[in-house]
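The chain contents come next:
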Amino acid sequence: MSTDAPSPVSAGRQTSAGRIEGGIDAVVIGAGPNGLAAAASLARAGARTVLLGATADIGGDGRRREIAPGVVVNDGEHLVSHLDATLISELGLYKHGVEYAARRLDTTYFFDDEPTITLSGDPTQGFQSPDVAALPHAAAFQRFFDEMIRGAGLLAPALAGPRFGGKGATLDEIIERADDEMRPRLMRYASASVDAVLEPVFDGGAFRDLLTAEATFRQGAGPHEPFSFLGLIKRFSGESAGLQGAVAYPVGGPAAVVDALRRVVQNARVDIRAPVKVRDIIIEYDKVAGVELAGGGQIRTSIVVYAESVQSLLSNALGAEDVDIEYQRRVARPAGAIASAQALIKLTKAPSAGDEASALANRLVYAPPAAALRKSFNDARAGAVPEKLAVEAIFPGAIERAGADDNDDIAPVLSAIAHPLPFDPAPSQETMDAVEKAVFDNLELIAPGLAKHIDVAEIRFAAGAGGVFGAPSPAVKDEKDAKSVLLTAAPRGPAPANVFDQWARANAAATASDVDGLFFCGPEAEIGVGLSCTAGRAAAAAALRYGRKKGRVS
Amino acid sequence: MTGHFDLVVADDDAAGLCVAACAARKGARVALVRPEAKRPRTARAASAIPNFVWRRLDLQKYDLSFSPVSAIVSLSADGEIVKTVESVARSADDLETRGVSDFDVWSDFVREVDMMTRRTDRLRGEFALDEFGRAEGAGRANGRINGASPIEDLAVLSHSCTDFLDDYFNDERMKTHVGARALSAVGLGGAEPGSVVALAGVFAPSAWPVRSTMDAEDVEKALESACEEAGAEIFSAAVHAVKGAGEKFRIVALSDGQELKTRYLFCASPDAARRAGLSPFAGAAFGAASGAASATIRLKVSDDVVAPDGEDGAIFHLADDLRELQAARDAVVEGRLPDTLPIEFQFSAPGEIIAYTAYCPDRFMEDGEAREWTSQDRQALGARAIERLSSHLGGLGDKVVRSDVSIDGAYDGENAVSAEAPDPRIIVQPASVNTIAAAVTLADRLLHEH
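Chains A and B supply the protein sequences, listed in that same order. Heads up, the first sequence is in the working numbering, so the first residue is 1 and it goes up one at a time. Heads up, the second sequence is in the working numbering, so the first residue is 1 and it goes up one at a time.
Careful, some of the hints might be misleading.
Simulated crosslink set (EDC-like; lysine to aspartate or glutamate; CA at most 20 Å straight-line) [stated by the list, open to error]:
(1) B/K243 <-> A/D180
(2) A/K452 <-> A/D433
(3) B/K221 <-> B/D312
(4) B/K300 <-> B/D423
(5) A/K550 <-> A/D516
(6) B/K248 <-> A/E181
(7) A/K287 <-> A/D433
(8) B/K243 <-> A/E400
(9) B/K300 <-> B/D312
(10) B/K248 <-> A/D433
(11) B/K261 <-> B/D6
(12) B/K243 <-> B/D423
(13) A/K349 <-> A/E400
(14) B/K248 <-> A/D180
(15) B/K399 <-> B/D320
Some chain A residues near chain B, calculated using beta-carbon distances under 7 Å [said to hold, decoys possible]:
(16) G165
(17) A169
(18) D172
(19) P200
(20) G205
(21) H224
(22) P369
(23) A497
(24) D501
None of these hints come from the bench; they were simulated from the model. Just so we're clear, the structure is a prediction, and the values are computed from it rather than from any experiment. Positions of the beta carbon are idealized from the N, C-alpha and C atoms, including for glycine.
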């Protein structure tokens, strides 16, 4: 694995004070995954595109980092489940280096009192394992799951990302078009709580626990709260390389996808400038006319794709006075209450082979009892660190080496996400200690004895907006004194309450600014967590339609 | 087949009776199915009959003495009082007198809640009619002249009540006053997504509650007469099963073997569904709170116990702040009694207090195991309620002559007629502070289609 990120920045290409630059079709502000996707799509369609990054770090948080000498980990997402299939084909991401180590990870679920259950990573294929079929509620689970996958398939287009300029279906249009049998179910799925949907199907048991954990994992709403069930639908609506519901792992981790996007951007001759600070988006007669930079220079353009947060759009770039007050109301998120933690752990030795060897290459999930998870959400919302956390863990090395005969070369690194935790931008030492304890205690249920083999551990604590975790650690810790380190990261934004809320805000954020030529694809335009780039791709497509209509882009 | 109906109303509490009577008066073929098991009567139902239903049923001719609730009063721990009345202008004056800084937005707030009520009614109608979005089809073609799409309504209503109140009010007392009232019937926490829907109908002058000093049983008898006179058929049985009869009809099989064919099976609240033998999840509904039961505590007290602020005819709410409501909801969700119990009460007759709380778990969770309500639980709840009331009524302890606690909506999973998927022909209306107003409005809408 290489740690050298490509350096695509054409340093020095700055627009100097007083200079007005023309001949540009589109400016993309923000060089995270969505900004890269938008810039690549625009440039490949023939638009002369400038990409402005706030820092020299093109690609955002999806980067590699050393947590201990020689131990390189991926920051940010550790799995890919919603990567935009259209984007993959349009940009030819496979040709630019995206390669899946696993397209459909099987998931092994761990419970308090029940034996583990391993479910196929291909939900449409059913659960043919005889062990699973023999479990109580297995038949009900299969029926329920099939229906849910059907629902997820139907709602997927609306849940993928915001809808620009009337293209694509909205939730109500999809529900309206569904057949008589499916329609009431979809209505219920959109608004019901996890408990309300699961209660009539399962009076308890492992399947209910695993579905509850999946539905609420990395959501801001607990299992008893209305609108929380849609989280489960969203989870299974993921598309990876066009495969419905797949949870995938690219060689090199999700950061490899960002690397590929960077290469596409370079090959498409996008003019990348970073670090550049945008002072203002110039609006003339309710239309975008250009971008003014902090240095005083201007870039004239009729299209701006904005891939930073709504907050920065309103407070810095655009200025609140230019934007409809109702728009501001609709996109402003209330303060979040729930966050997740990510743990990156280097073990003293490679995970052992033996009976569990095949499971090491699975996605590993600890599903607390549904009732305990309800309490955890209550605790987290009240500011306390819960005892029970749902945990998702992977051994990236084992996934990349799946099928190999021996485990000797497996990098002894574990990546885990734990949820729910209180949203706390400035946690006390006591809170951090409690988070550390809770994360390790719950990880123990997946990997008994893990605590004894920890070499270096880093736990970071952040809200889930955009699904990317915060800033990198300030320094590489010395192996000897750092058994476990907890670093807090500045949250990227309040955690959204639930998928329905995200859906509503994403559409409001993306479509209603009332400024012609401005296309928004910041974190608020994303629905659910995970690397998807759908918002960036859709914003670029809408920008191109706009440009062609105006005759500005050929 | 015993009969063919447009509407079968399950349960016989005041909401069910009002729906059946109003629908029958409109000419619909209505059956009222009353569960055999008698439940303890409460006065809450009487206090919730809104003016417009009263007028539609000509309830004055049944020798009922109703009068509008004089005020809705919230009492905080330090004895502070916030009071609003039917008249929006007078409410604002009273708030100003008490130094509540938000008095000037009260009329705006009531107007917005009114708008939200219409959105909620419309949305519930679309859910119930299984025509999400389709009812507004003409509007859509014309660019939705009538405003938002149902999914936009849903988006508005999916927010938390606390955020909504934060938008409107600065004064914590005001937020507590509104929140305590709105969430009281539903047992929701203010920070819960979707809890803003609980505001529907709250403080609306058009649906202002009335109260009667009569016994609730007499009120329900009068409503029963209204049902019979309007031509509704009454069956004394529980729902045994619901079977399909094509897309448009259902056969409701009763426990005594009779079968009723109907377009809709209607339950005015999740509790009503439970009492009738149905799972509250059996039907299509929006915004139903799950896992909550409610308790009515009826107290005989000595005559020297007087209503705070001299408001004999008011509905009182006890809640210190919105956090308390959230903590109580959290307790319910976790299957235990809240440490501090939010309570609603009124003086139903001289020397009689009826207190009510929707913050009760439907079953208790202990060490990961569920168990049902016991008499000890009821006693514990009664004690907590009396303790809470006592602190606001000048020491109630030795003035309670008799107390009686009844629980509604406790879990009884074994008997419930359930379905893995919701049946669009079964309507289980979510709990709300104005159950009767919402139920009658929803039934009107269902019948209007035919």
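The hints, checked one at a time:
1. B/K243 <-> A/D180: holds, 17 Å
2. A/K452 <-> A/D433: The given pair, whose Cα atoms are some 18 Å apart, holds under the 20 Å limit.
3. B/K221 <-> B/D312: violated, 25 Å
4. B/K300 <-> B/D423: violated, 43 Å
5. A/K550 <-> A/D516: Judged against 20 Å, a Cα distance of about 11 Å means the pair holds.
6. B/K248 <-> A/E181: Within the cut-off at roughly 12 Å; holds.
7. A/K287 <-> A/D433: violated, 51 Å
8. B/K243 <-> A/E400: violated, 53 Å
9. B/K300 <-> B/D312: holds, 15 Å
10. B/K248 <-> A/D433: Violated, at about 59 Å.
11. B/K261 <-> B/D6: holds, 8 Å
12. B/K243 <-> B/D423: holds, 10 Å
13. A/K349 <-> A/E400: holds, 17 Å
14. B/K248 <-> A/D180: holds, 11 Å
15. B/K399 <-> B/D320: violated, 24 Å
16. G165: violated, 15 Å
17. A169: violated, 11 Å
18. D172: This interface hint holds because 4 Å falls under the 7 Å limit.
19. P200: This hint holds: A/P200 lies near chain B, its Cβ roughly 5 Å from the closest one there, short of 7 Å.
20. G205: violated, 12 Å
21. H224: holds, 5 Å
22. P369: holds, 6 Å
23. A497: Hint on A/A497: holds, closest Cβ of chain B at ~5 Å, below 7 Å.
24. D501: Given a least distance of 6 Å, the restraint on A/D501 holds.
When the structure is compared with the earlier hints, violations turn up for hints 3, 4, 7, 8, 10, 15, 16, 17 and 20 and for no others.
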